[in-house]
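Going by our numbering, the sequence shown opens with residue 766, and the numbers climb by one from there.
Just to be clear, a hint being listed does not mean it is correct.
Calculated pairs, SDA-like style, for lysine to any residue (alpha carbon to alpha carbon, straight line, at most 25 Å) [claimed, not checked]:
1. 1057 <-> 1042
2. 939 <-> 1040
3. 777 <-> 830
4. 886 <-> 931
For the record, the hints were derived by calculation from the structure and aren't laboratory data.
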Amino acid sequence: MQENDLSLAPEKTELIALMGRKKTAEMKVDVLGMHMPAQNKIRYLGVTMDKSLSCSHHIETAANKAEKASMALGKLMPRTKGPRTSTRRILNSVVNSIVLYAAPVWIDALKIEKNRKTLVKTQRSALIRMCGAYRTVSAAAMQVIASVSSIDLLAYERSYNFGADPKNKIQNRKWLLGRWQNRWDKIKEGRWTWELIRRVDKWLGRKHGELDFYLTQVLTGHGSFSTYLKRIQKAEDDICAQCNLIDSPEHTIFKCRRWDEIRQRSEPAIGEKIEKRNFIDIMIRSESGWSKLSRMCRAIITAKDTAEQRVPT
766 MQENDLSLAP EKTELIALMG RKKTAEMKVD VLGMHMPAQN KIRYLGVTMD KSLSCSHHIE
826 TAANKAEKAS MALGKLMPRT KGPRTSTRRI LNSVVNSIVL YAAPVWIDAL KIEKNRKTLV
886 KTQRSALIRM CGAYRTVSAA AMQVIASVSS IDLLAYERSY NFGADPKNKI QNRKWLLGRW
946 QNRWDKIKEG RWTWELIRRV DKWLGRKHGE LDFYLTQVLT GHGSFSTYLK RIQKAEDDIC
1006 AQCNLIDSPE HTIFKCRRWD EIRQRSEPAI GEKIEKRNFI DIMIRSESGW SKLSRMCRAI
1066 ITAKDTAEQR VPT
């Protein structure tokens, strides 16, 4: 190296023996008179690798970094007030930029389920903050509502797209949507959201639609509904205080007679009766329909909270 006018800075040099899981005697290497012990892991060009060339440490490090950034930004975006969803999406972009960095290098680490769950947990936290949802909402439901694929599928797509031509990138996107839909149809969590939004591609295909604290409650089923409040031990029973029927999200938004007047104010402009079966179709169909139903949800939940003396948290 010296013959080519190159030199090492011992204080910046790290040594790792790529020996897999084999146990070896301690290596003794001197660099310019400085003893250099072998490390269990090193960071090179932003990617952390261990002696087995595993990137599990990298995933854990990236997830922690993304979580801290998400929490810092989340303090500027309270659940009930603050910026619009389009602005809140910066949370998701921050998580993606941190976590998906060098995805083609570490993608094989996602074959370990623990690593996949680590990334999904971090993504879920960011999406909950982005949509103003309660912390009890599942990752699968948040991904659909936020129109953001699971982070592991995004990592695979980015890896497949590395060096690919445009046609292959289109096929990779179709692959991602297919896998996403298949998961969504089979997963046990978020079944109320699935009853509303069954087709991921239709939901993603809309060109309009802002989420807020109230609409997110309706889409997740986690909010001012006694079935939910009883489940998290915030209510003694799941009976509607207005009509003594089971107070589910469907009951509150579509059936409770106490809120008929609010629903009926929206129906003439929409041109049809608002029910669970057509709720999402109306919202997707036009920006006007989305706005009217969003305002209806806000009005019903606000009136319900007032009647039941419940303060949004």
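Against the 25 Å threshold, does the CA-CA distance of residue 777 and residue 830 hold or violate the hint? Answer holds: residue 777 to residue 830 is near 23 Å, not above 25 Å.
Keeping to a limit of 25 Å between CA atoms, is the pair of residue 939 and residue 1040 held or broken? violated, 31 Å
Proposed proximity, residue 931 with residue 886 (alpha carbon, max 25 Å): violated, 31 Å
Regarding the pair residue 1057 and residue 1042, is the alpha-carbon distance no greater than 25 Å? holds, 17 Å
In summary, the structure is inconsistent with hints 2 and 4 from the numbered list given earlier, while agreeing with the others.
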